[in-house]
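Visitor: Dock chain B against chain A, hints included.
Those protein sequence lines, which keep their order, are chains A and B.
According to the working numbering, the residues represented by the first sequence are 1 to 298, in order.
According to the working numbering, the residues represented by the second sequence are 1 to 298, in order.
Source of the hints: derived by calculation from the structure; they are not laboratory data.
It is possible that part of the hints are untrue.
Because identical chains cannot be distinguished in the list, a pair is counted as satisfied if it fits within a single copy or across any two copies.
Simulated pairs of lysine-lysine, BS3-like, Cα-Cα distance not exceeding 27 Å [unchecked claim]:
id: 1; residue 1: K37; residue 2: K181
id: 2; residue 1: K58; residue 2: K191
id: 3; residue 1: K154; residue 2: K144
id: 4; residue 1: K274; residue 2: K262
id: 5; residue 1: K40; residue 2: K222
id: 6; residue 1: K40; residue 2: K146
id: 7; residue 1: K115; residue 2: K18
id: 8; residue 1: K58; residue 2: K4
id: 9; residue 1: K37; residue 2: K144
There are 2 protein chains.
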Amino acid sequence: MRLKDIGEFGLIKRFQGKIKTDSSVVRGSGDDCAVLKLDKNNYQLFTCDMIIAGTDFKSTDDPALVGRKALAVSISDICACGGTPKYAVVSLGLSPNMLVTRVDRLAKGMFELAKKYRINIVGGDISSADKLIIDVSMLGVVEKDKLCLRSGAKPGDIIMVTGSLGSSIKGKHLKFEPRLKEARFLVNNFKINSMIDVSDGLLQDLGHILEQSSSGAVIYEKLIPLSREARGVDDALSSGEEFELLFTASRDQASRIINSSKYRFTPIGEIMPKAFGLRTINAEACTGRSFKTGYQHF
Amino acid sequence: MRLKDIGEFGLIKRFQGKIKTDSSVVRGSGDDCAVLKLDKNNYQLFTCDMIIAGTDFKSTDDPALVGRKALAVSISDICACGGTPKYAVVSLGLSPNMLVTRVDRLAKGMFELAKKYRINIVGGDISSADKLIIDVSMLGVVEKDKLCLRSGAKPGDIIMVTGSLGSSIKGKHLKFEPRLKEARFLVNNFKINSMIDVSDGLLQDLGHILEQSSSGAVIYEKLIPLSREARGVDDALSSGEEFELLFTASRDQASRIINSSKYRFTPIGEIMPKAFGLRTINAEACTGRSFKTGYQHF
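Looking at chain A on its own, in the form it has when it is part of the complex (with noise of 0.2 Å):
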């Protein structure tokens, strides 16, 4: 058996059935961030992401653009679970016949990005390898009574998101602004019962929401905000790598979010008990297509 057989999540929840953790770990594997006990009021996120050339960008791709994304990807977790990010640290996997020119553009998206972000860049580690490796762990911290997590989903929640949707493939995956300010505004002003970044699909992603809430939900496929670039709503039902956040709350805190008009919060469902499934109702309002789709690595 090979893990294509078993695919990505197969293999995540192999490992997660092994692993062990002690009182000090809030929230372990199977989250945006890892979530640890820090002082009387916070807690500290960990998250850690790796993008491979070939798989997560182009070896074309502009490096400045890689080395942003590289850190983004890892803020966008963050975001998710209700966090300031504060400290990364950085593996690079380069070829020795790499243009020092290239790892310097690398360097500078990735240095911009974490001034802009106020991140400290506290160590790395560089290794020989034939295509390009980063890897960015993170660290941040998020006040008790202001972290998201994936499992507090409740039947009656309104679906929200930030954005639009579908227009990764069209470069967005390496442009992407990860949804700091948002996330920030969403948890400092109302209740949030759950939020998750938006890296595998909209459908998928919710699907993680739902199985981590034992809940099911509806999705308006008309109400999903459109990128300019999508093709139509199937790139937003599926579409990886948007890092738009996705998020519930009661019903009331939800028209108190979407009448703030401070940043665009769009409702697209409703969370319903988990007998219900995962469906989304079209255009002509027929009862949907109950479907899973999205990014799988294997």
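Guide: Below, chain B alone, put in the same frame as chain A:
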């Protein structure tokens, strides 16, 4: 100009000049771990290490040993700063064609070592890759007064090493035991002025201490504890990935350490003023070579 023209350390210096950190960072890039403010009595340690098939291990090596090594190298970094490892996140680059049984063995080797050292594996990331890649980021904690850095060596300090050197290539790099007990014994009972783990090679790692401490050193080749597998002193001087601890303490502390007889600590030389440079005295007591050898990735 290509990376191989400026070398691994040239690249690291290039990065370090561009990085700024805020006052919460006690020590950023340039030591075995980053050191971050945590609470009144403790610092947090943060480190990452990436290992890649073909560079850091062979594709034919037992995956259990490879998984073990991935975690052990980061534990060793925490030890070198005098701390205790606590949490790890793991990024994996895996081929879709990899046998599930091999991934299971990899996880087994890693999880067993995590259990032994009471490390919580709290998250991870999986990506598709041609070759096996493992990146481990680790958090540890160290009491403020027990923190060891590369920068604290003082002329007159005795240079000491744990265990024996020269057998990395014979398999030690896959099977070594991180020197956590030894490191904690040292920082709990003595004043250690500087410490590093031997990952690049004895002389090169000593060179890191000397550079950060603005000092020189003399090493007596005959005093270096050789592994049975070492072919001679050159192996011991240059062999990377030994993961022994190289540390310095005042003459008085050193004599107490050596007389403690609890673990194998061997004095091998003395810290000198910077103008002395780094010299080794060979077995015939000639004033020896002043050279630098060890591993660079390019």
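Visitor: Does each hint hold? Answer for all of them.
Guide: Against the structure, the hints:
In the homo-oligomer, the alpha carbons of K37 and K181 lie at most 27 Å apart both inside one protomer (24 Å) and across protomers (25 Å), since each shortest distance falls under that limit. When the C-alpha separation of K58 and K191 is checked against a cutoff of 27 Å, the pair qualifies neither within a copy, at 39 Å, nor between copies, at 51 Å. In this assembly of identical chains, K154 and K144 lie within 27 Å of each other by CA distance solely inside one copy; the values are 20 Å within and 44 Å between copies. Taking identical chains as interchangeable, the C-alpha atoms of K274 and K262 are never at most 27 Å apart, the minima being 33 Å within one chain and 59 Å between chains.
For the identical chains of this complex, K40 and K222 are neighbours neither inside a copy (44 Å) nor across copies (54 Å), given an alpha-carbon limit of 27 Å. For the homomeric pair K40 and K146, the shortest alpha-carbon distances inside one copy (14 Å) and between copies (25 Å) are both at most 27 Å. For the identical chains of this complex, K115 and K18 are inter-copy neighbours only, at 11 Å across copies versus 38 Å inside a copy, given an alpha-carbon limit of 27 Å. Both within a single protomer and between protomers do K58 and K4 lie at most 27 Å apart by alpha-carbon distance, with minima of 22 Å and 23 Å respectively.
When the C-alpha separation of K37 and K144 is checked against a cutoff of 27 Å, the pair qualifies both within a copy, at 9 Å, and between copies, at 20 Å.
When each numbered hint is compared with the structure, violations occur for hints 2, 4, 5.
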